[in-house]
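Protein chains in written order, with our numbering: chain G, 3 to 181; chain B, 516 to 988.
These aren't lab readings, by the way, just hints derived from the structure by calculation.
Where is the CB? At the ideal position from N, CA and C, for every residue including glycine.
One or more hints might be untrue.
Distance ranges between label pairs, derived from CB positions [claimed, not checked]:
# : chain 1 : residue 1 : chain 2 : residue 2 : range
1 : B       : 736       : G       : 170       : 29 to 35 angstroms
2 : G       : 171       : B       : 760       : 27 to 33 angstroms
3 : B       : 820       : G       : 38        : 44 to 50 angstroms
4 : G       : 66        : B       : 764       : 40 to 46 angstroms
5 : G       : 94        : B       : 907       : 24 to 30 angstroms
6 : G       : 46        : B       : 939       : 45 to 51 angstroms
From chain G, some residues computed to sit far from chain B (all C-beta separations above 10 angstroms) [stated by the list, open to error]:
#  : residue
7  : 42
8  : 73
9  : 81
10 : 117
11 : 125
12 : 157
13 : 177
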Amino acid sequence: MTIQSADTAWERMLLEREIERFLYDEAALLDERRFSEWGDLLAEDIHYHMPIRRNVKFGEQHRENTDTESEISWFDEGKRTLMGRVRQLNTGVHWPEEPFSRVRHIVTNVRVMSVDGDEVEVSSNFFVWSNRLRDECVMFIGTRSDILRRDSETGWKIAKRLILLDQNVLLAKVFSTFF
Amino acid sequence: MVTYIKGRGDRNLRELVDLENGVISREVYVNEDIYAQELEQIYGRAWLLVGHESQVENPGDFVLGRMGEEEVILTRDRKGKIHVFLNTCRHRGMKVCRYDDGNALVFTCPFHAWTYDTDGRLVGVPHHRDAYFEELDKSQWGLAEVAQMCNYYGSIWATWDPKAPSFEDYLGPFQRTVRWAFQASDGTDAGVELYKPAQRWRLPSNWKFGAFSFAGDSAHAAMTHLSVNAAAIGPQGEVEGGGRHPLAAPFPSKRGYMSSRELGHVGQLAIYEQPGVADYRDTWLLEPGVDDYWRETREIKQQRFANEYLHMQSDGQFHIWPNATMSDWRILMWHPHGVGMTESWRQYQVDKNAPKHVKDAKRRYVMRYCGPAGITESDDMENWNYAHPASLGMVAQRFPYNFQLGLHHNHQDERIPGVTIGDRGPSEENQRARLRRWVEFMEAGSWDDIFPVRKNGKSNGRSKGGNGINPTW
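Only chain B is shown next, with the shape it has when bound in the complex:
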């Protein structure tokens, strides 16, 4: 158990996170010791989204990614196998790859020329014979590779912890939701590719402001995004008030805040009252011919899922613990970059088989919506930015954050077991779910303490944790 933080006297983390009352200390977001502990306890253990197979289509292709603060290389070796390596030479630590993406036969360190194959093996060391006297065992000094990697319908996830559960078990009830995010618009699994490259930028605030808000904070939209409709960025232009989202036909469903309290994954998703998929509604009114494609693929999807209830997998957005937000059109990564800095990444999916005019139209839409130049997202950046410094003060930290929206107004639905639902208006339940998992990760001595998850609020028997302070956990 890791229950104590340094600084201002040792205190229990649970004193800072009171979920029963929805009151969270600002220190959770701004304390440097807590941040250092997060890198080890969360980013050293959790499954993290690294990228997508379409970024490394051919043998030798590579692209840089991130896991926590650290840079990794996503690459496909000469035999076609995908790997994730830490981008550092095993000799003296230099980055072995300083190109954002490309194709390589080998990665040669520019410092002393240690050379690694695309499968990570150390294949070249200068002076191996004449000065290492062949006593250096090259097989022990390959690139540091993640402990586990999973290609999940095209998306590439990895963890540094060999004891982490399988990625499927890690996702729990959100398996179908991640699968959906990588389906083509006609419902074909792994049917998308990512536009290249990622948009990457620095936001001066703690990573949790973005990561714990998204897919769980619709209460912000009316105020934060008050100016967006003036720009009419939706594909339909100024029709119907200039909304930023595409027009969509109604379908009998109930949108709600859905969270796995046990696993920390959350979404603003829907339960459907009837099987099947909504009709397509024309929305690309400014781009001739684009609706034709989406209408055709929607009809195929309707046939494919005519008898299925697509709960949690046909609408909305979601967040996979700890720092990957996504939907079926965009991926938002919140990489920690110091306690007061986030490196935010945006990537966007599109049907692999869509014609060029469709890919172009969607690409232009995501660029005007998202990222640092995004007409929608730029307003978020200001609010997250200044919430951080205004929480730093000695006095400010005496006043905790309020996470009480919708507190204790949740229910379960037998159609989606394992999921807590808040659907009586805006709710911060999804943010509380992430904070609940946050404490468990921060306290855990190993994966044994946090998986299998505790059922019915009781310990799984293997856990050495639980100090009984908050019985509702």
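Here chain G stands alone, though its shape is the one from the complex:
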């Protein structure tokens, strides 16, 4: 099925199912610590952005999430840095993940929002649980807005990911997983 033909209800349903499966498979790669394979899912030009969430006055909601143009975010980077993070995780001496935490990515509320040629805009929610050493527990809950791009040879690639974490002051000591 090509995306361009996703104009009937049946085709839209198939596409959504295909995208869901992609996101679940992606989550499994992270949970199974197959970080290099996860890196293969990233488009060369990916923009990976997790803004800081502000408390703002009513009417100023446009300022709620820090922008990528001039402000500071938690993550705001491309593939080179993300692959650097993968290499760091794979050293065995990256202390917040040595020994590895038990991380589980729960991906829900998957919605294909629009289709544009080979690219689809997908919204999904996440609940990331991390349990570390004896009893350290961290929860990350939020929503993502992705642009996924179909590569005819290698399958879906993540071309853009905007991650809205539902926290203001971060209540975890580090981000040592991906979202």
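Knowing the structure of chain G, use the given hints to seat chain B on it.
Below, chain B without anything else, positioned relative to chain G:
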């Protein structure tokens, strides 16, 4: 004098801090009574970094800050004057501002609508006429304002103690170093702004693990940051081993651990063997055009300081007692948040006048280096995190921390009077300097006991302190 702590029998604080032998009780870091005493003795008295004038550029601008455990509002009033207020209504204590930043005409409490002007005056009280019968003196019930505030080359510092010395006197030999941290890359004073907003996160460990380690613990780097070079986060990418710091040209200098034993400020800084500034070395190899800007501003700086020795103000990082670490590109705040929790803040300076592509490149670099997602800093967080719980045990507390690295291997240099230098390899002298000041603050009955500082180890004559236990103090 406040010399006793509660819990497990009254003991003298100095029994816990043996600087002569570099042995420090774990209780200093994990004891709840000591922590409560710190909030009053240290955070109620010291000058604290609150923010930067660029965060409140226009009249009515405000941003929330912290002083110790408590939230403050940094704001610029309608006449352009900067203030620091405690964020609590004088009526029933509600936060009068619950937005991280913004612009306000007034701060109206959402509880009973007491309303304060941006200069802190109470200007509106419901029922003032019909039920307070105009007997409430509004002039006495404005927002609680800090006792003293100082705008130091753009950085905003404040203290709750009216008897604290001037901020310049508080800094002593570190005046030039703080001034440098807020200079633009061409050497222009107050030439920077902060990227917005601050990164703020919770680290489950006592505030001193971060605050007393930074700018004084290079011994940690080889082990803690063993994994960083794999990520090649420096602006030069994988060139020359993928280091995390920008490439820099050599300049005849001696890096050392420099501390004011008297004031508690410390740094990993340099003394220069010749005047002037190092040549620029291209390092932003992955971002076209960025080096051009830094090279041009470096040339201006070289001309400006051609005949000056920039001791303690051209390289490295430093820490202003009690909880502000900084350099010329980042500010690290360690806010106490309970005995076993730190709220860590990161803010980053950049030249006000830099073009957008330069600001963007630097911004991306600081985000991948620092903070909870920082490829470098994330390793620190794990070590500080678990040092705390592993120090809590009844048995663990029988075994003190070792602060003996470089102990008694220090000297003075007449080029930087008032500064103790440890430069024979890694040293924990800067950590000992903070612990020395820590005891003095914890014991002091008032600023009279801790300023002017004691010279040559002797009392300043005004001090009521000094029990003679450790004559080397």
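Now for the hints, and whether the structure bears them out:
no.: 1; hint: B:736 <-> G:170: 29 to 35 angstroms; result: holds, 31 angstroms
no.: 2; hint: G:171 <-> B:760: 27 to 33 angstroms; result: holds, 28 angstroms
no.: 3; hint: B:820 <-> G:38: 44 to 50 angstroms; result: holds, 48 angstroms
no.: 4; hint: G:66 <-> B:764: 40 to 46 angstroms; result: holds, 43 angstroms
no.: 5; hint: G:94 <-> B:907: 24 to 30 angstroms; result: holds, 28 angstroms
no.: 6; hint: G:46 <-> B:939: 45 to 51 angstroms; result: holds, 49 angstroms
no.: 7; hint: 42; result: holds, 18 angstroms
no.: 8; hint: 73; result: violated, 6 angstroms
no.: 9; hint: 81; result: holds, 12 angstroms
no.: 10; hint: 117; result: holds, 31 angstroms
no.: 11; hint: 125; result: holds, 23 angstroms
no.: 12; hint: 157; result: holds, 26 angstroms
no.: 13; hint: 177; result: violated, 4 angstroms
Taken one by one, the earlier hints fail for this structure at numbers 8 and 13, listed in ascending order.
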